[in-house]
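Once you've looked at the hints, go ahead and assemble the two chains, each given alone in its own frame, into the complex.
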Amino acid sequence: MNVVIALTITGILNLFGSIFNYRKITPILSVIGLITALIFNTMYWNKNLPFFNHMMVMDNYACSLGAVCIVLGAVLIVFYNRFMGDEDHHLAEVLSIIVFALAGSIIMVSYTNLLMLFLGIEILSISFYILAGLKKKDLGSNEAAMKYFLMGSFSTGFLLFGIALIYGATASFDLAAITAFVKMNGAATNYLLICGVLMILVGLLFKVAAAPFHFWTPDVYQGAPTIITGFFATVGKIASFGAFYRLFQLCFAPISAEWSGTIMVVAILTMFIGNITALQQKNLKRMLAYSSIAHAGYMLLALLSPAYVGGNAILFYSLAYGISSMSAFISIHIIQIQTGSDEINGFTGLAKKNKMLSLITAISMLSLSGIPLTAGFIGKFYLFSSAIEGGYVLLVCLAVVNSFISIYYYFKPLIEAYFKDSHTDNLIELKRTESILLILLSIATIVLGVLPGIIHSV
Amino acid sequence: MHTLLLLIIPIVFMAIVFFLKGKTAGYVALISSILSFIVSIIIAIYLHFNGYFDEFNQSWISSFGINFHVGIDGISLILVLLTTILTPFIILTSLQKDIENSSAFYGLILLMQAGMLGAFTAMDSFLFYVSYEVALIPIYFICGLWGGENRIAVTLKFFIYTLAGSLFMLISIIYLYLQTPGNHTFEISEFYKLNLSSTEQSWIFLGFFLAFAVKVPIFPFHSWQPSTYTTAPTVGTMLLAGIMLKMGLYGIIRFVLPIVPEAVAHWNTVAIFLCVCGIIYGSIIALRQNDLKTVVAFSSLAHVGLIAAGIFSMNVQGIQGAMIQMFNHGINAVALLFLIDLLERRSGTRMMDKLGGVASVNKRVAVVFAIVMLGSVGLPLTNGFVGEFLLLMGVYQWNMYAAMFAGLTIILGAVYMLRLYRHVFFGEISEAGRSISKTTIIETIMSYKLIALIIVLGIFPNLLLNISAPAVNKLLNLIANHSNLVSTL
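Heads up: the protein sequence lines correspond to chains U and W, in order.
No gaps in the numbering here: position 406 of the first sequence is 405 in the working numbering, and each next residue is one more.
No gaps in the numbering here: position 207 of the second sequence is 337 in the working numbering, and each next residue is one more.
Okay, chain W solo, but in the shape it has when bound (with noise of 0.2 Å):
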């Protein structure tokens, strides 16, 4: 039930949000997100220490086996909490400066949450497919209608193209569902024990692969991605690249590994390839960005490269790796548009070339910075670390020389990154730089805090892993009784 009340929240104060004006709106919205955060704990309490399984489950269109059925377990529920912990933070950010239309605004921003908790918990596969479409309405409009420059042929772009994705997907689904016995069901636990042949498994991989690529992005699928996280608002991009791309990582776990797991085993050498060169590809590009949030787009193409070829690596270290990533990503992702914005509204501009000095204008955000810098980089103590270390891990199990180009993210990464650092924060003190003076108590507080979620979870990794565990090695063991690969597992 309490699965229930994390998808009402918002749902319900979206409907308050858009009767109210100004920045009430948002004040209303971040208590929304809050209670949903509180909800949330409550879950993550319950999971971690009575093994109990938050569900609900209602039957929605039942001539067709359509049932509401929502619930948590440790893999949906590292996303629900990366979700919900970011959220408030987003809300904070645009909070900082006056929007216009808000209602509309942050009414789109909470019935986005709606939609991504939902596909994160969904147990029926259409409610998935519902979830993960109407997640993308609302991003729509929020790019179309506060974006930046070009936004209109832009997000069209980005709308088509994840659109096209996902409908491939909805055949796939589709098709699970007439193979499923008796009164056709879209229950996902029910896929799981079909019994399909190779063929049609590579075909349903296909399918729900043109999905999840369009959406992590991985390579050559990203082209919408590194303009529409430009163009994007910075709420927008923190939204796409902290939360919503690890809808298509989590569709991947979901849904790929052990539905299919012949064709992923079958498959994979491709998808690892396509993984390791958006990596190596998404780097070198960041090597040369004159704009910080292009920069952050490209770098998050090579960071969700590498997990993703962790997810298909097919293996402990590789999928633990996966979920601890992807909540780190996000967090560290956010944390850098965070400040970003933070430069942006002071001096007007993102350019590294203008940017110049603000280490000796302003210490404090400098030294933030470079922690979250630290993160994203993956040195050991920060978040970034313990994700990155095992995901290689897990790829050098699968195959030695994928793990050694993939391995070059952390090189590349430093590179990119210190690059950045060096421009905007060293050298001479520019005309832009003078006006990163003062920072707004809040804006500290919710430095600090994404600092301490930094650091924290870079030294106790296991707050998160444990969470997983359970659930990966019950994913694991459903592979491997599947199908027989034990042996490659």
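Chain U extracted, bound-state conformation (with noise of 0.2 Å):
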């Protein structure tokens, strides 16, 4: 399990940095970390192998998943230790919490025990609760934090609690024993099961920020430092999704007759809660985080669909709105840095300010509304046919209705950044290493667009 080791000794030296003095270059030696994690993720493929006593499996599904948290996570690293870095703040703890929050998502979409699933959220979701507190005196942080935590630790315990009544019914954690105990006893009588799937399941809709289970994501997003809030919405809302597909595909799909009817309504409430709400929002974190909301809500059709097509639907998916929200935040983020406002009216004339960070932005918004020849699309496109081979076709056409209300919202910021004229004349900079990442974001967001088969031939 050379990624989570690799992964926890990056932690441990980020760690050290402050002690031993060499704070000044932990981003540079994070980004070794995560890259010698990559390497050693990829070397995984196509192997399917066990570890840790089948506690976990690196198959492709994992390997895959794990690769966008990590390249996500270097990302925000470098990013970070931009903006973040002039502050009086504590660097190298800072990103050796990101470094240990991405060993929990690998270990999220890798588990085949449900002991680790819960370690797996644990270790994502503590991280969180600090990295949501990151700025002290702001009281919008803190109150995103407390918030976070008391919900968050409320849902896990929703969990854990399920996790108990199935080892009741079961006798088991390990995935391979439930399904088939699941298979060979279906659950028509065994109430234990049922409760306990549904207690699951409700911890995890909120770890994924669907509805009735969203409340906090506005708020926490919004609190929250703004690339820190890009990370949530990313790398915590794939690597939670990489948990959810996981053990419903694989455990609970025989009965999935018990849960099927609780996801599809859960799914048109995530969509249009998360749509309608962001119509209305002036912040463009608050409107980001709806539409994170509603992004979940389109991402529970993959779990309705075939085993065959939604794990590779949910992949990509995950892949093109990761790569998009994440230039999405860092867009709004050096904007705040510049101007000082995350409002919707912060991009007002911004083609004029900066060409090449407008486009970057307008790439990510269009990409994020589903528009052809970007990811989103291909995303999208993939997500509804899964559903439909699934015999989801109404769910589907209500999706569709979705996309096009949340064209509104996505088109805003597009409007202000070429329709308008802004009052001030202050230009927007970027530094060279931020524009080459920035622009191979987008790049990666058209070429998935053009020739998304390029992810079925790796």
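So the derived label-pair ranges between C-beta atoms look like this:
id	chain 1	residue 1	chain 2	residue 2	range
1	U	420	W	154	22 to 32 Å
2	U	420	W	530	50 to 60 Å
3	U	261	W	329	20 to 30 Å
4	U	275	W	599	47 to 57 Å
Derived by calculation from the structure, the hints in this document are not laboratory data.
The C-beta atom is built at its ideal place from N, Cα and C for all residues, glycine as well.
Written out as structure tokens, the structure reads:
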């Protein structure tokens, strides 16, 4: 399990950074650590190796989702360094927490034992609680951390309770054993099992911010430092969905009749609540928070689809969503640092102030709204076609309705940037490394949109 | 391979244009559009004399059975020719004035051309969908960046409206894809072979109809159209009215008729009713407009209503009439808009009550406008006549009363166009009218070319009819074999 080990060592080395006074090089150290982890990760491709006495398995699903998380984490660290680096705070510790969160996300996508699921979620969540409250003197940030912690620990309780009930019903934590039990006995009268499944469902739906467990999201996303919000919205969401899909498709697929109705209702609610509430938001972070809720709704469709298409759909969607949201949050972050505003009007006249940044924002917004030739469109296409294959045509129609509702708010920053003129003409500057990274993200969005086949042929 | 070239030329030139500045960008874009025109003529000659079917097929997303499959048959060719003939005109029109940020402007026009050509030549439904949407993004930016008053709200409405419709088409396409046997495929010709139950057909029809009815637009899905046409810069209106709305009509011919013929036979009463409503509604509203562009917008609603009615009547005359009228409507709409732009550039207004007496100031413009107007009204020996005649004949065969009401388009069309002409060209010479004294050489040449097209196609409609005839017959055979609708054809 070299990936987790590499990440952990990187995290610990970072922690020592402030003791032995090499704080300045911790960002480089972390990026090197992440690249090492990525290399280890790709080495497991097609090997399907189990680890730690069948507690985890590095199959292709885990490898690919893990790679997405690590890459997004690395991008985040590069940007984090520049903007937070000057302020008085503990750079080394924060970076180590980010790296630990990544280790948690790796565990979440590769577990084969419910205990590991719990462990992974806890490592990720506890890191997130701390990260949300990074701005010590900012009231919003404190509120975000507090809310996230209270609600998060409460939902983890549900998850743990569900795991316990399932252990009671099946006498095992091991996914293979649970699957075998479920296949053999079904769930017709096994209420312990059904209760367990539903409890876990509640816990996980909270983590992916699906309605009606989404109330923490807007406040947390708005309060946390912007770049960290990008981390929550991408890595947090992808890892949670990775865990969710793995458990429900692998283990509980035979009793899908028991939970697919719930998921369906939740998916519809999530899409509509997310999109309709996002329409009215003036604060971009809050808007993207609601949009991330809506995206969770779309991704729930994959859980209802047949396994041989759903996994692929969720993988591609995570990648597309991760890349474009990350670049959206980074753009907001850059603008917030330089203009002091994270409202939509911060984007006014951006096309004149910085052509490159406005183009990058435009591409990420087009991708999030699912316009063809961007990765977001292909992701939606995969999701919709897999759900139609599962027989949920009506649900897809509702998802489509949501897709075009969402255009209204995704186009707001774009309209501000291109169609309106700003009163001030302060230029917005980008450093070379940042623009290269952002351009790479945009190119990836377009390339995945034009040639999605490269993901399959890898 | 020529088809592929047709798609590559605008994209390559677009990349070049983005790095140029000022008028140079426009001239390079013009070169690109002329090159596309030459290529399309070569394709036309091959198709006409050798019956050579030009296609290019390359696997695109293999795991989903999506191919980059483009090809040109008679039906596609007419629309491809329309696109490649009009694009140089459109670029020339915009070269008459200075445009801010011109590299982006011309680049977007070329991107749009590529998108539309992609939609007209796609043999794979996924490719069709993608091209259909890709054409939408440049026009959104063209209208939003260079448009008139209230452009932000209008263009956003236009965008959401159109995208909403086409997303339902995407569902239909995915559904059809999942019905194809074996390893599923998005190939359109495979969709033709499917055996769908009548319920399935109705739902799929609905999905496609929503997409195309918004794009065309068919009444009552037209509410984006007048405001967008009026707000958009003239070039944008030309692209929209001249070419883009044909994507919807083309889609009906390419997808709806052959894939779900039973549903069409079942629902065409409703569809034709809506089309006829659109004809009358558009014409009557056009009667009371003051803004020249708004008149064109509503007249366009009436004209395309007739074309759609002809298509839904599902017979040779209707569809052939639609093919030829799609082409002619494109020419006429662009010619009208070109002349309106000419007037507006000099006088600074396009309001009828401000213009007046232009005929006594500038005879040449008056004559050119008269011929274009007569073409648009559908006077015999102009291009508009043949198409409308065939379309009405097609609708008549389907139902006499429908044809009676649809025929009002000719009468009402004459009324609103002549009213427009009277206000602008006759009467007292207004201050705005006085300013239209001279035309440049390029404008004169362009207007002569447009007139030549209008008259030549009016006298020799067979030039176009022969191109599309084999393909239309093939299509009708397909429909006839596909279902037991032979009696209604």
